[in-house]
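**Q** Residue numbers (this note's numbering), protein chains in the order written: chain R, 92 to 571; chain D, 505 to 651.
Careful: at least some of the hints might be erroneous.
Claimed, not checked - Here are the simulated distance ranges between beta carbons: (1) Asp-266(R) - Met-534(D): 19 to 25 Å; (2) Val-297(R) - Phe-598(D): 51 to 57 Å; (3) Ser-561(D) - His-444(R): 20 to 26 Å; (4) Ser-468(R) - Arg-508(D): 19 to 25 Å; (5) Gln-271(R) - Gln-601(D): 16 to 22 Å; (6) Phe-598(D) - Ala-147(R): 48 to 54 Å.
Everything labelled a hint here was simulated from the structure, so no lab data went into it. By construction, the Cβ of each residue, glycine as well, lies at the ideal position given by its N, Cα and C atoms.
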Amino acid sequence: MSAIKNYEEFWVGLTMSDAKLKLFRFGFFFVFALDAWLQIGNAPRYGFGEFNVSHAPFLDGLVPMPTRAAMSVVYGAQVLLGLRIALGGASRASYIALATLFAGGYFISQLNSYQHHYLLALALALLAAFPWPDLPRQKASPSKERFWPVRMLLVALSVMYIFAMIAKLDGEWLDGSTMQRQITEGWIRDLVEDVGWGTAATLTIVVELSLAILIHIRKLWPLAIVIGVGMHMAFEFSGLRIGLFSYFMATLYLLFLPETWIATAKRWLAPLRTKAEELRSKVRISKLVGLGIFAVTTAAAAALTQIIFLDSVNLLTWCVLVFAIADVALTRAPASAGIKMLIACLGLLAFVHTTDGLRTYYHFWGHNDRRNKDTASAIIHYENVVAIDPRYASGHSRLAASYLRMGRSDDALRQYEAGLVHNPKHFKLNRAAAQLYDRAGKGPEALAAAKRALAARPSDQVANQIRKRWQQTLGTDAQN
Amino acid sequence: MTRRTSIAIHAVLLVLIATPLHYYLANDDMRDERFAWRMFSPIRSEKCGTQFLLGESRTALKASDTFHSAWVGLALRGRQQVIKAMGNRLCETFPGQELRIRVQCETHPGSAAKKKGALYDRTRKASDDDVDLVARGLFDFCETGAL
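Using the sequences and the hints, build the whole thing.
**A** Written out as structure tokens, the structure is:
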């Protein structure tokens, strides 16, 4: 009988403070939103050649063909919802909508086969059932059982660690050769080389098994944080191409912060909270003013999305309007809903301007057109690439090559020159510019560009031929 | 614990455990490591060569002419579900023609990559210890639908 009670207690007895849940939510959903934005670069893969294979065979006949435009809106909507949730006070429906949107975007195609995105799909489903402290219209005395999804998330992590460990019980892993092949750069490689590849590989197995257990022993959570975050950050700095997986894992470890640390932080922040509460009590907003604030902030948020240089931006603007209206309907807090949607849109704009997501989006779109031999369309998208990032050498190079394919050699040369303004030592740009100058009979320019190309790659035959030819010609001219 | 909570807990728990377990117990494609939490596994670094041979002359088709490079990348990892879907698409594109699919994968990371073109060598026999020939029969895929 007591075993059953202990078992039940294991599932429903894990409680956490509101402050910790809010801190975790902010960290997790912020990283989620950033990851969703970075995925936009992959959107052009979808729908290419009208070919797709979903993660589950039965889905292939049921779901529509995912397209670039649709996926770009899905990712944009994920960013908006993720940031909106991170800011707090969202309704349960927002969490469910985000979990559904993400699962749909993931399971619809094997083009996204990142294991951490599968973990995210599971985590979002559980987070949709989390006992968030500030859900609108909650019961006055909620049941203790509501904490089971928190425990389930920890169990999901344990299952992941255990199976990751099982996968490593293999000769290729244990002798360190797999790790040696995968860790390619940085101080982590030097460190592991000192420790020994076999030892480090075995240690990884021990750490994964330890974490699977430690995360269920509350008293040992500080140790779990040190080991877990340490291991995931080591993965991050080892050159493995795992997206934001390490950061996601680090945010999950926020759940293991001891409550005493949270209480101390709350004490430090108490004066700020008091002032905020005083301000809130002084400012009373009538329903009409609240609706006015909602209208203005939502309109501003919708207008802000229009600045984003994305072909599917109109659908994204509709998402802003629909999410904001649904938020008001569910939370009955119009001023807060409008302001938070505006902040979410500002966050989206910050991602747009501080990451290369949009540049990658147009680059891959142009790449698809080039593969489809639609050079005119490729030119449009490569022009977008250099408009977004004039410093991007590869964008100038691709655009110039497309111009050349259309016989527009003057435009091509201008692109190489534009690229060289920001990348004067770039080998490909210099060599291609040298070839065009050479063809146009511009000797001094061809010679200078060829020399710059040779400085980067001294053995290049094309650049050497141009250099020799123009050195001889210009030398003869000078003698004459 | 209420009955509803208990059902929810055990249903989710079943999904969490059964999904990766399926890889070890019931998966017929060991190169398909989705949902198995096999991050950084040795299989992930093994390369496969996938050839689509059309007609009686067995002309090798260039997969990247029809499919996005991301799909070609998955075929190069030997993921059979994707290779079969690619085969089905090629059967539709070239109706009435025979299509043979040859999938050769390294038996351990780097075993064949050191030999240039080893994965695409048509004369290679299944017994070669550095390469595993997945499609052994080389029968008409459009007719049988199996690798």
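**Q** All hints are to be evaluated individually against the structure, with a verdict given for each.
**A** Verification of the supplied hints:
A hinted range of 19 to 25 Å for the beta carbons of Asp-266(R) and Met-534(D) is consistent with their spacing of about 20 Å. Judged by the Cβ atoms, the range 51 to 57 Å given for Val-297(R) and Phe-598(D) holds: they are separated by roughly 53 Å. Roughly 54 Å separates the CB atoms of Ser-561(D) and His-444(R), a value that falls outside the hinted 20 to 26 Å. Taken as a hint, the range 19 to 25 Å is violated for the pair Ser-468(R) and Arg-508(D), whose Cβ atoms sit roughly 54 Å apart.
A C-beta distance of roughly 45 Å is found between Gln-271(R) and Gln-601(D), which places it outside the suggested range of 16 to 22 Å. Checked against the hint of 48 to 54 Å, the C-beta distance between Phe-598(D) and Ala-147(R) comes to roughly 28 Å, which is inconsistent with it.
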